[in-house]
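Q: Respectively, the protein sequence lines represent chains U and A.
Mind the numbering: the first sequence is residues 1 to 116 in the numbering used here, read in order.
Mind the numbering: the second sequence is residues 1001 to 1995 in the numbering used here, read in order.
Please note that a few of the clues may not be correct.
[As the list claims (entries may be wrong)] Straight line, CA to CA, 27 Å or less: simulated BS3-like cross-link-like pairs of lysine-lysine: (1) 1877(A) <-> 29(U); (2) 1236(A) <-> 1355(A); (3) 1355(A) <-> 37(U); (4) 37(U) <-> 1815(A); (5) 1355(A) <-> 1622(A); (6) 1236(A) <-> 1158(A); (7) 1216(A) <-> 1459(A); (8) 1874(A) <-> 29(U); (9) 1459(A) <-> 29(U).
[As the list claims (entries may be wrong)] Derived list of chain U stretches under chain A, where covered just means 3 residues or more per stretch with a C-beta under 8 Å from a C-beta of chain A: (10) 32-41; (11) 59-72.
No lab work stands behind these hints, which were simulated from the structure alone.
We put the beta carbon where it would ideally sit given N, CA and C, even for glycine.
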Amino acid sequence: MILIDCPYCGEREQSEFTNGGEAHVIRPKNPEALSDKEWGQYVFYRSNPKGIFYERWNHSHGCRKWFNAVRDTSTDTILKIYKLTDNRPDISEFKSSLKSPSGEPAVGSGNFAVKK
Amino acid sequence: MPALRNKNCNYVSNKEINITFDGKSYSAYDGDTIASALLRNNIRLIGRSFKYHRPRGIYTCGIEEPNALVQILNEHNEPNTRATIKKVYEGININSQNRWPSLSFDVGSINNFLSPIFSAGFYYKTFMGPKGFWKKIYEPLIRRTAGLGKPPKNFRSKSIHQNHNVDILIVGGGLSGLIAARKLINTDNEVLIVEQDSFLGGILKNSNKVKKIDGKSVFDWVKETEKLILESKNIKILKNTLVTTYNFTNHLIALEDKFAGKDIDTNKAELILHKIRTTQTILANGHIERFISFRNNDLPGVMLASSFEKYIERYGVVPDEKPVIFTNNSSTISLVKSLINLNCKPGAYIDSRKKKDIEDETKDYLSKNNIPFYPESEVEGCEGNKKVEKVYIRSSNKEISSINASMLCSSGGFNPDIHLFTQSKGLVKWDDKIISFKPDTAFQNTITLGSVSGNYEFKNLCNEINKKLSFLKVNDLNLDIELNIRNDFSISELWETKINKTSKWAKSFIDLHNDVTTKDLKQAINEGYDRIEHLKRYTTNSMGTDQGKISSINSLGIVSKILKKKISEVGTTTYRPPYAPLSFAAIAGRSTYEYYDPERKTPIHNWHTKNNAVFEDVGQWKRPWYYKKYETETMHQAVQRESKQTRDTAGILDGSTLGKIEIKGNDALEFMNLMYTNAFTKMKPMTSRYALMLGEDGMIMDDGIICKINDKHFIATTTSGGAPKVFSHMEEFLQTEWPHFQVYLNSITEQFTTFNISGPKTREIMSKVFNKIDFSNQSFPFMTFKIFDYKNTQVRIMRASFTGELGYEIYISPKHALELWELIFKHGKDFNLVSYGTETMHLLRAEKGYVVIGQETDGTVTPIDINFNWMIGKKKKDFIGKRSLTRSDTARKDRKQLVGIVPLDKSQFIEEGQHVVECENLPSKIKTPVEYLGHVSSSYHSPNLNHCISMAMIKNGNKLMGKKLFVSTSKGTKNIPVEVVNPVFIDPENKRLVS
């Protein structure tokens, strides 16, 4: 259970929040002008990286506000939290903090508890 | 005769208490565990094993116990309690487990002689067929013979959760933990120490390895340290508390037993689940001794050497005065010294190490005390009737001799207890010196101190701790530690000994809890399970409640030998929380029974109860399902009666649970146009409209009636269960996509109580109740509403219908709701008004072909699929889900579409959920899937038409109108012939609705 620093309320337990999936996916201004493929891309496709991920959170059992977070999905560490009105932080801000638990490889998962 | 007592033990009081084991009374001392109390009474046989029902005794003296699990009868029949940690108290009533009819004579032990069929992968291989045997024969049989205790009796736990936020958490109050704590006394760090025992001290109280610290006896030193800690302003101690889980972000879970050594008081929390958040975690949770596999290494009387020592030092009981000691390392000499101090003498000392590797001190001490010494030797096995009687020794010249003994202590070395460290995602490394895994790289803010870090040298301990805690800028602490043993630790690799004597009874176990033998491991590898995670699951090795604490590394050792690999290459299985089993009651805490989920009741609830309503759960709401007119009335009878009466005269439904959302603001109109499929721009003020909400994928999400007060003010209703979802959905789009909109949302579900009244007599009833309002069709047409004052509160009456009859919805303040409800009934009596529940509501809706969201729809249904094209504002430029309706898949003409279905033989009944097919009969044996067109989504017996009416979602349904099809039944292979019809069964011209 991670702690999330709601920009409106402060640090609270994860159980108060709902994850809203990938952030910065903007609803197309003119959906009718898009092809099926382009529209499908917006509705169904989201990225799922191992590492730095920009995502949305909702403080659903608190102030009900939506906000954005940058999380390292390989370590489950929240690296930055920012309001919807703030600019998307550049990925270069976070590169140095990337570390993988138990030295596991960049792709995939499994039991890598023993140091070779 | 009771076992010898170590009078110097300070941890067990002299107070005698009475306990009951398997119906017999015994005496014990206050402070004993069940295990120490039974050993005191010379009871060695304590249970039967999981699979083979072999007799088992007490193997260890702590959390790692694989055998001695018992049932506590006076604590709600609590099963699978570890006898080695459960403290006794006056009157505790204990039963042994997994035996029938009695512990000493157990019928199930026949399994031992059937063991060839119970080998690795036995379940997977044996119970393959025939079909149906699993449920009826195999499973009940296995459940009776395999397994552990009986389920506990129903009881209500009072356990609670508690949260902690500290700077430093010290796991383990042993020597290392106490040294670290002493360094932290009166610093700025808030510290919490968690100790699983009721005393601090760890190895200091469990053994006599350490003689003195700073010139004081270890007992005095621990007492002094505890006093200093308790007097400090920054350190707290939790005793009888076990850390079970190490999560991400230094969040740990610990379980405290509030009634250790006491009878449970049912008015108080017996367990506390501590949720600890910390900046820095110090793991000082020590080590666990491992066993050695030899022939019959499970016989009662075989025990781990350090556990034997712990019984002497910690509990003051000497389980046996002449045990044989078998070791592969230097630690066991302290047990010999403990025994000699009490004028006892080990029967033999068997050390597998080479003679030159064995410490001179050990050799001298053994010869000085005339203890038979077997260097470079090993135990081949032991024998006896339900207890150790003979021990077979393979000497250095490979010859086997036997000696008589009643207990055998074995030590296969020590494993740093890396469970929590690996849970925290730390990396471990194999250490050839201690022959075990030890922590290497921490992933979180974790420090390991003492034996858990692989440091078994006491003299080096302060150094290690000073170094590792130097970043905290605390003073160094250097203690003078005087030892009874050599400071350095020496061990030779030994996992199992070769069996010479074979018989059906002879088995060398690797997992005592799950009855896995070393032979099983070899067989599994032969069958190709050479990856450790596969091997574990195939053999069930280390999958018992003890999680192989004393044996899992041994199995790696054996496997590595067979595979000719290094142990570090074999790798460990994944350590997962919890460290030891924790009770569900503790996890649930207070969230049980009525506190599990809130119950929501409408203001009319008491009236419903008085009128014999049977309730249905809709989300958290309690809604009347149907009303029993008389005691023996069935649900079917009640629903038929309510439905008929509503269509004939009038019926009323408590619709308070419907979600209500108020939408206000300058951009309310534009917002509503985007959220719903319908067009609201041309809609006149004070009118209402049935509306659909879609997901962005074009699938129906919810429906409701929208009241437009003006362009800046709307009130939307939602389905009862969908209210929170719809509200969040609206809120999400307002905040994330259209933050520039001036729109405010307000949930007003509880602010208005809602009644739906419908039926041909409704207008007359309403005119009497609200005699100032003109209910005529001209001044109050269909889908309009009026707002007026009622006793200084706002009442909204809308002409709308759930049922297809003339109907009104009344929204009133909950304050006056019940009184108005009763007033309606007072006037309604003359018109045969009936109250109806949700089941009748569904029936009436189905008769009219109105869909129920979640019944006809399932998240894969578009408005077009249910012929709701008319609800789509096609001229609108955009709304949520609009673009998806023209995607090639959603625009497909042969999707599943909503149709009505009636049986050709009007006496037949169609079941909900059955398949719609084209064949008259199903084959008696289905070899290839029968092609089906769709399923029946709703089906009722209509009292107004007097036959069954159904709705179904079937492929290309619109094209199949009038066709003859079949619907399967749950009764047999003969399908019911049906006709596909328009789903509106009653009043298709809407005459009743609008007149």
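Q: Hints first: check each against the structure and report whether it holds.
A: The hints, checked one at a time:
no. : hint                : in the structure
1   : 1877(A) <-> 29(U)   : holds, 10 Å
2   : 1236(A) <-> 1355(A) : violated, 48 Å
3   : 1355(A) <-> 37(U)   : violated, 78 Å
4   : 37(U) <-> 1815(A)   : violated, 54 Å
5   : 1355(A) <-> 1622(A) : violated, 78 Å
6   : 1236(A) <-> 1158(A) : holds, 24 Å
7   : 1216(A) <-> 1459(A) : holds, 16 Å
8   : 1874(A) <-> 29(U)   : holds, 17 Å
9   : 1459(A) <-> 29(U)   : violated, 72 Å
10  : 32-41               : holds (count 5)
11  : 59-72               : holds (count 4)
Of the numbered hints listed earlier, those contradicted by the structure are 2, 3, 4, 5 and 9.
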